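Those letters in the sequence shown? Residues -23 to -1, 1 to 171, by mature numbering (1 follows the signal peptide of the UniProt record, and there is no 0).
The hints are simulated quantities; they were obtained by calculation from the structure and are not laboratory data.
Careful: at least some of the hints might be erroneous.
Label-pair ranges, simulated between beta-carbon atoms [unchecked claim]: (1) A130 x G24: 32 to 38 Å; (2) D61 x K123: 33 to 39 Å; (3) P131 x G161: 18 to 24 Å; (4) A104 x K148: 21 to 27 Å; (5) G91 x A38: 19 to 25 Å; (6) D61 x H126: 26 to 32 Å.
Here are the simulated BS3-like cross-link-like pairs (lysine-lysine), alpha carbons at most 27 Å apart as the crow flies [said to hold, decoys possible]: (7) K167 x K147; (8) K148 x K17; (9) K167 x K148; (10) K167 x K118; (11) K167 x K83; (12) K147 x K21; (13) K167 x K21; (14) K167 x K17; (15) K118 x K83; (16) K148 x K21; (17) K147 x K17; (18) K123 x K83; (19) K17 x K83; (20) K123 x K167.
If you're wondering where the values come from, they're calculated on a predicted model, not measured in any experiment.
Using N, Cα and C, we set each Cβ at its ideal position, and we do this for glycine too.
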Amino acid sequence: MMNIPRLWVLAALLATSAATAQAATATAVFAGGCFWCIEKDFEKLPGVVEVESGYTAGNTANPSYEQVSAGHTGHTEAVRVLYDPATVSYAQLVDYFWRHIDPTVKDRQFCDVGSQYRSGIYWGNEAERQVAQVSRDALLKSGRFKTIHTELAPASAFYLAETYHQDYYKKNPVRYNYYRLSCGRDARVKALWE
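Make a model of the complete structure from these sequences and hints.
So, in structure tokens, the structure goes:
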């Protein structure tokens, strides 16, 4: 009988700890071509808690993969990154993002062509807008790129992609690795950033 109150206390402590951890996280939305690839890239970054694949910056509510991939909804494939700001800052996420895309192309990333594969940083507040803009401007000023086509826009509705797209690289490693290699993503990123 004495253990019952202790279990309630333990349960309350765990619930409080989980709520505190949830409150200590933030989200960021990025589009970098195929969401399978950018999801995997962000999941390797320390401080990132979770990455979800989805669709954003479009004009159709609850779009399907078929609708988005056909290019009729205005959306782009994107990821929503849940992160711990005590471990990784928004500015660090933006910097990391740049180094995993090709910002020099419009309406495409690597072998995927169309506005649904455009790159983008979708900021959630004025501070994030400033970080994204300063970061882009610094890249241009550096002379590394003559132009940057990555979209900078306020965050809009984010719709989760279908379940089979979430963690695709874990569920289908052979298909995923073949796609990533044949698409030339890593080779192009290396050529741009090294």
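Structure-based check of all given hints:
1. Distance hint check: the CB atoms of A130 and G24 are about 24 Å apart, inconsistent with the given range 32 to 38 Å.
2. One distance hint, 33 to 39 Å for the beta-carbon pair D61 and K123, holds here, with the actual separation near 36 Å.
3. Between P131 and G161 the Cβ separation comes to about 32 Å, which falls outside the hinted range of 18 to 24 Å.
4. At about 36 Å, the beta-carbon gap between A104 and K148 misses the expected band of 21 to 27 Å.
5. For the hinted restraint 19 to 25 Å between G91 and A38, the CB-CB distance of approximately 21 Å keeps it satisfied.
6. Between D61 and H126 the C-beta distance comes to about 31 Å, which sits within the given range of 26 to 32 Å.
7. For the suggested pair K167 and K147, the alpha carbons sit about 23 Å apart, so the restraint of at most 27 Å is met.
8. Proposed proximity of K148 and K17 is supported: the alpha carbons are some 12 Å apart, at most 27 Å.
9. Proximity of K167 to K148 is assessed by CA-CA distance (about 26 Å); at most 27 Å being required, the pair is judged to hold.
10. Of the supplied pair hints, the one linking K167 and K118 holds, its CA atoms being roughly 21 Å apart against a limit of 27 Å.
11. Note on K167 and K83: the hinted pairing holds, with a Cα-Cα distance of about 19 Å set against a maximum of 27 Å.
12. With a C-alpha separation of about 13 Å, the suggested pair K147 and K21 falls inside the 27 Å cut-off, and the hint holds.
13. For the hint linking K167 to K21, the alpha-carbon distance of about 17 Å falls within 27 Å, and the restraint holds.
14. Of the pairs offered as hints, the one joining K167 and K17 holds, with about 17 Å between alpha carbons and a cut-off of 27 Å not exceeded.
15. At roughly 19 Å between alpha-carbon atoms, K118 and K83 fall within 27 Å of each other, so this suggested pair holds.
16. Between K148 and K21, the direct Cα distance comes to roughly 16 Å. Compliance with the 27 Å bound is thereby established for this hinted pair.
17. Distance hint between K147 and K17 is fulfilled; the C-alpha atoms sit about 9 Å from each other, no more than 27 Å.
18. Taking the CA atoms of K123 and K83, the gap is about 13 Å. The hint holds against a cut of 27 Å.
19. Of the supplied pair hints, the one linking K17 and K83 holds, its CA atoms being roughly 23 Å apart against a limit of 27 Å.
20. For the hint linking K123 to K167, the alpha-carbon distance of about 18 Å falls within 27 Å, and the restraint holds.
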